[in-house]
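The chain contents come next:
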Amino acid sequence: MFDISPTEWTAIELSLRVATVATLVATPIGIGVAWLLARRDFWGKSLIDALIYLPLVLPPVVTGYLLLLTFGRRGLVGAWLADHLGIVFAFRWTGAALACGVMGFPLMVRPIRLSIESIDRRLEDAAGTLGANGPWIFALVTLPLAVPGLVVGSILCFAKALGEFGATITFVSNIPGETQTISAAIYTYTQVPGGDASAWRLTAVAIVIALGALVASELVQRKASRRLAQFE
Amino acid sequence: MIHFNAAITLGAFQLDAAFEGDAGVVALFGRSGAGKSVTIALIAGLLRPDRGAIAVDGRVLVDTEKRIFVPKHMRQIGVVYQDARLFPHLTVRQNLLFGRWFAGKAEQAVDFTAVVETLGIGHLLSRRPGRLSGGERQRVAIGRALLSSPRLLLMDEPLAALDDERKREVLSLIERLRDAFKVPIVYVSHAVDEVARLAARVVVMDGGRVVAVGPVDEVFGPSQVHAGEVRFGRSSVLTGRIAGMRAGYGLTEIEHPSGAIWLAGPAGPVGREVRVVVRATDVTLATRKPQDISVRTILTGTVGGIEKDDGPLVAVTVDLKDHGHLVAMTTRMAADELALKPGDPVFALIKTVALDERSITS
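Order-wise, the sequence lines are chains A and B. For the first sequence, the numbering used here assigns the number 1 to the initial residue and increments by one for each residue that follows. For the second sequence, the numbering used here assigns the number 1001 to the initial residue and increments by one for each residue that follows.
Check each hint, because a few of them may be wrong.
As the list claims (entries may be wrong) - Derived coverage of chain B by chain A (criterion: at least 3 residues anywhere in the stretch with Cβ under 8 angstroms from a Cβ of chain A; other residues may be distant):
1. 1044 to 1051
2. 1069 to 1075
Unchecked claim - To give an idea of the chain A side of the interface with chain B (calculated C-beta under 8 angstroms), a few residues:
3. R122
4. L123
5. D125
6. A126
7. G128
8. T129
9. L130
10. G131
11. A132
12. N133
13. V141
14. P144
15. L145
Simulated from the structure, these hints should not be mistaken for laboratory data. We put the CB at the ideal spot given by N, CA and C, even for glycine.
Here chain B stands alone, though its shape is the one from the complex (with noise of 0.2 angstroms):
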């Protein structure tokens, strides 16, 4: 679907990175300054590369060599920025059809009124973006260029100025976006539990380079992505099935090879495949099953490597049973105390309050 192939200089900074994605949600990941947003552009049409090919949908964008640059108007390419951008002189309705406009009558695949219906901006169609809320201006920004019929939707941290709430509200949204336009979407984000809950693929770059490429739970698992991440927020995505709700305490338990995990609140239907996000602070580690003790999950799985500087924290990566990984972040002192080291059975615990529908991804 996106052949992406390109370097630039700008100034000190240097990108020069590859990546494929298919059809879905590919996430670009990694600190600010990794090199995601000049990816974006580069993709839009607003930076021309030194060199390099961009093909999206099997059309040529850009290729240096045969000396094609396909100019950003014409590239159909909708993009949503932090920022939203709206034109601050133009009501939310007439936002929404400026992209459709000149999408013509032909490229007009996209239906307006399920758009707006989809979003929920139905009764805000007649005011200026100034009126209108961090969140509403993200659901505007993002039906205007749904609406200009894109082959691919470009989001660039789409979420990054929003509240929590709205977070959750904006992303619940763009998933059922993806559901029901099936427009491939590119997004660049730096928060792991976004990626884990819309994209299929990641991307993660560092200082203008592809550092990894593959399936989310492959690659948030092992000590690879730790680029720059803070420690608190590193986590990491398991995959699981839904094996069936404990209706009466209101918990979902989800099969994993480890074994299960234990989900406060309902999760949708038994059998589905729901992807877990697990912050490594929320796990503690034990070298023997421990008895008697109120944490419901306890997955099983080996120490596959030990980060340790001297700090008094460290990361601990656990190979889980058959399949996926866990990130623990425990004290140097525990660890030690432990005697922690590679190859070591351990089991992982993970409390249940830690996690609710909002950890869970399908």
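Extracted from the complex, chain A is given alone in its bound form (with noise of 0.2 angstroms):
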């Protein structure tokens, strides 16, 4: 029963490496995204605040084929990409990890954006007062005080990015190997006869993982939460 075969190996392997790097890559931008959102007043705040929301409510077999028109070898960011950086996300894992990245994002933006507004200003005041100028309040005050909502947005986004499907095989497809992440080798498994016990197994590394990213999500979160709770 437990018995993992290699190309259930590989389908894990890819999953794990796909979501891995969607949500490596999603932190940075979103703690610059949540910071705008939570400190900053610009034309089209609400727009873009939209926008990062948008995969959240959208179909996400409609954001998937947004990204292969986009980012598609004929696409026009794609294209330019492909032209000048060498950088290829149709059919290959790294869109996958696009895709995931996209559809994680709004639940990584959302916990950042509201550890950083609940975070005492008055603080970062004081830090100025003290000699620090905007980057170094950011990067001694404010982002270690937004350790507990960074913590959890990025769980959420690995989460996330490990169960994607509908954006994802629209917009690289099911390859073996290349983009066929566990929840397309399930979807794959549950298609074929004789097919079940695969599938089996691969719903329960699944639940493990999924499992696993919520026990340590409570945990780090509960850690920081009574770190912060000895701060009137």
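Could you use the hints to bring the two separately framed chains together as a complex?
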């Protein structure tokens, strides 16, 4: 029953790689966007806000199709990236990471933004009068105090990336060893005769990873809130 | 040392104030909403004035006409807030060293060990702010501001959140810092005793304007300081010199031109100049010098003014002989029966038990 085949291992390994890369790349962008939304007022802010949350409410297939139109080989951005930087997304695992990152991004931005908004701005003022300029205030006060939101956001984004199916399969298809993640593999196994055992094994793995992520987020959050609760 | 002349409009509130301060402690005094905290924020660079100029230590920080605005992180001004505002994610040591690090090697004029010892926070260094009591937090906050080697220290009601005992403790620490580290301080408060104890010079604010400036005993004597003050909170400040100690009785005699002021407990060496804070409710008035009475302190003077309305209480200002003023709270009935009017000779009686070393400042 728990004898996982090489093909299944490939799907698991690919899923973990795609989710990790998606989360790592999305994190710094997520922090920047969350900070802008929490701390700055600018023209078109609500539009940016809506745009970020769009993948959460759009059908994933629509998001995947839009990605294909934009980042596909003949897409506006995709063609330019391929010609000038040699970066290709279409039908590659990097494309799966892009799709997963876009789908997980709103889940990441929201907790970070809430965390930053809850920071007492007078602490940042205090850091300023002690000699810290804007970037130093961010690095030494804002970011460390936003860690609880940062951790929750990253874990949610990672979990979303692991489970992403619709946008990924639309954008980069379902190629074993290249773009076939756990979800896509399970779907494939359910479509072929005798695939039930494989589907079951991958399902169990998905449950284990998801539970692990939830427990980890709970632990980190509890630790962080305990530390901050000491401060009235 | 500090030159302040600025105006700002914040919603319905308007500040338009000007004052000068020299070395030592300058107190900004007034009720809440008077504009004290806005003034502090303007000096610290947290707010930008609509018009005006601020200079500290000969350095122009703001001048709207010359379009100068030094950002807050380049002003070298330490701020101590009412609520400490320590960084919760850093230890006490890291909090203390925060500003010091930005000050750079050349500017580190204040010695870390000396500050930690003076403030008595050596045992707290590895703790986080969340585990500190209110008094400890405030001491760390003062140390943090001081260690950034500021040219000026702003203290915005640093004692307001503390209980009476902690207040006394931190107040005497601030006093020691003032003398040991020679940093000029702008001290915001609405408590007369704090201001009298720390400051040489007072700037009284009300409704966003400066209504009085001067030495403490001048400002707190005459009736000009009643803007918004609670009646029972009114106090006067008398400057005198310690004449001697009646050791057998545990009493200190303070020499004042209008008479001897007796104080319970020791107050320092003979000849030292001290300021005594007297609450208006502790003063009794008599038109003839009383005989056979337990009150030790009997000062002579004349009635300066009477603030009277339809209420049961009146405030009588007594111009003391040769020097100083004293405000006495009494009933309207008594004032009428004694037929008090400006110019009348009067005796001001202060119960010695109302005064102790807490009332005194040097």
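So, as I understand it, the hint says R122/A touches chain B; can you test that by seeing if any CB pair is closer than 8 angstroms? With a closest approach of 6 angstroms, the R122/A hint holds.
Does D125/A meet its interface restraint, that is, does its C-beta lie within less than 8 angstroms of any C-beta in chain B? OK, holds: D125/A within 8 angstroms of chain B, min 5 angstroms.
- prompt: Does G128/A pass the interface hint, meaning its C-beta sits closer than 8 angstroms to a C-beta of chain B?
  reply: 4 angstroms, holds
Open item on the list: Min Cβ distance, L123/A to chain B: is it shorter than 8 angstroms?
Closed with: 6 angstroms, holds
Holds or violated: is the Cβ of L130/A closer than 8 angstroms to a Cβ in chain B?
-> Holds. Min distance 3 angstroms.
Interface hint for G131/A, Cβ within 8 angstroms of any Cβ on chain B: This hint holds: G131/A lies near chain B, its Cβ roughly 3 angstroms from the closest one there, short of 8 angstroms.
Checklist entry - Holds or violated: is the Cβ of A132/A closer than 8 angstroms to a Cβ in chain B? => result 6 angstroms, holds
Quiz item: When the nearest CB of chain B is found for T129/A, is that gap smaller than 8 angstroms?
Solution: Holds. Min distance 5 angstroms.
Hold the hint about N133/A up to the distance rule: shortest CB distance to chain B must be less than 8 angstroms.
At 5 angstroms from the nearest chain B Cβ, N133/A passes the 8 angstroms test, so the hint holds.
message = Take the shortest C-beta to C-beta distance between P144/A and chain B; is it under 8 angstroms?
response = Nearest chain B Cβ about 5 angstroms off; hint holds.
Cβ contact check, 8 angstroms cutoff: the segment 1069 to 1075 of chain B against chain A, three residues minimum: Since three or more residues must qualify, the claim that chain A covers the segment 1069 to 1075 of chain B holds, with 5 doing so at under 8 angstroms.
Whether chain A covers the segment 1044 to 1051 of chain B (at least 3 residues having a Cβ closer than 8 angstroms to its Cβ atoms): With 3 residues close enough to chain A, the hint holds.
Comparing the model with each earlier hint shows no violations; every hint is respected.
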